[in-house]
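**Q** The lines below spell out each chain.
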Amino acid sequence: DTEVTQTPKHLVMGMTNKKSLKCEQHMGHRAMYWYKQKAKKPPELMFVYSYEKLSINESVPSRFSPECPNSSLLNLHLHALQPEDSALYLCASSQGADRGYQETQYFGPGTRLLVL
Amino acid sequence: GNSVTQMEGPVTLSEEAFLTINCTYTATGYPSLFWYVQYPGEGLQLLLKATKADDKGSNKGFEATYRKETTSFHLEKGSVQVSDSAVYFCALYNTDKLIFGTGTRLQVFP
Chain D
1 DTEVTQTPKH
11 LVMGMTNKKS
21 LKCEQHMGHR
31 AMYWYKQKAK
41 KPPELMFVYS
51 YEKLSINESV
61 PSRFSPECPN
71 SSLLNLHLHA
81 LQPEDSALYL
91 CASSQGADRG
101 YQETQYFGPG
111 TRLLVL
Chain W
117 GNSVTQMEGP
127 VTLSEEAFLT
137 INCTYTATGY
147 PSLFWYVQYP
157 GEGLQLLLKA
167 TKADDKGSNK
177 GFEATYRKET
187 TSFHLEKGSV
197 QVSDSAVYFC
207 ALYNTDKLIF
217 GTGTRLQVFP
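If you read the sequences in order, they're chains D and W.
For the first sequence, our numbering gives the first residue as 1, with consecutive numbering after it.
For the second sequence, our numbering gives the first residue as 117, with consecutive numbering after it.
Just so you know, these hints were derived from the structure itself, not from any lab.
The beta carbon of each residue, even a glycine, is placed where N, CA and C say it ideally should be.
Just so you know, nobody snuck in bad clues.
Straight-line Cα separation of at most 25 Å, SDA-like style, residue types lysine to any residue; simulated pairs:
#1 D:K40 x W:Q161
#2 D:K41 x W:I215
#3 D:K40 x W:Q197
#4 D:K41 x D:I56
#5 D:K40 x W:R221
#6 D:K38 x W:S199
#7 D:K22 x D:T7
#8 D:K40 x W:S119
#9 D:K40 x W:S201
#10 W:K213 x W:A202
#11 W:K172 x W:S119
#12 W:K165 x W:G125
If you want the footprint, here are the derived chain W segments under chain D, 3+ residues with CB under 8 Å:
#13 145 to 153
#14 159 to 165
#15 212 to 219
Short, incomplete list of chain D residues facing chain W, as computed with Cβ under 7 Å:
#16 P42
#17 L90
#18 E103
#19 Q105
#20 F107
#21 G108
#22 P109
#23 G110
Bound-form chain D, shown alone (with noise of 0.2 Å):
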């Protein structure tokens, strides 16, 4: 099993709203990732989860904030957001995050956002 669900399927929100991303993966993989994918582009890396710790953060807005409960979970909490931030946010998932590990991402279906 190589899934990776994604909750809500889509989301419309004003600029004042606070709302959150939900990821889960039950594949026992101890790194996350959060993608941001505008249309027609290829996704761009938020975050990096390894082991429950935020391991890489891309520079991304203060808005976005990323949370990991657990090995299985993973939220993005959003808050003040800009029309601009409309996209498609994907989840993905791997087995571990040391480094020169063949590591192969598993993606969830997306949630996909309007900023209002």
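Position chain W relative to chain D; hints supplied.
**A** Chain W in isolation, oriented as in the chain D frame:
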């Protein structure tokens, strides 16, 4: 640095035609190479991968061979179907990041 270059799309083919999508890379060391596919309105699915030189990844009739001498990982399929219409991303994994190409849209017509 690490980078991936894919052929510009869209690639438009008739059903049962032969498919090639070119992918070349630059990287330090020995990266792993991947092809991901994204169907309309969906997330990315791993299509195939290769972890060392001369490895061939294959899945669902698609194949790609890791060519270190030409730094390439071209995707091929002998006979495409309408259901193969999607965006295909070539990617490499090196150290701690997955680096994507720009994606190639494939359109297959009956």
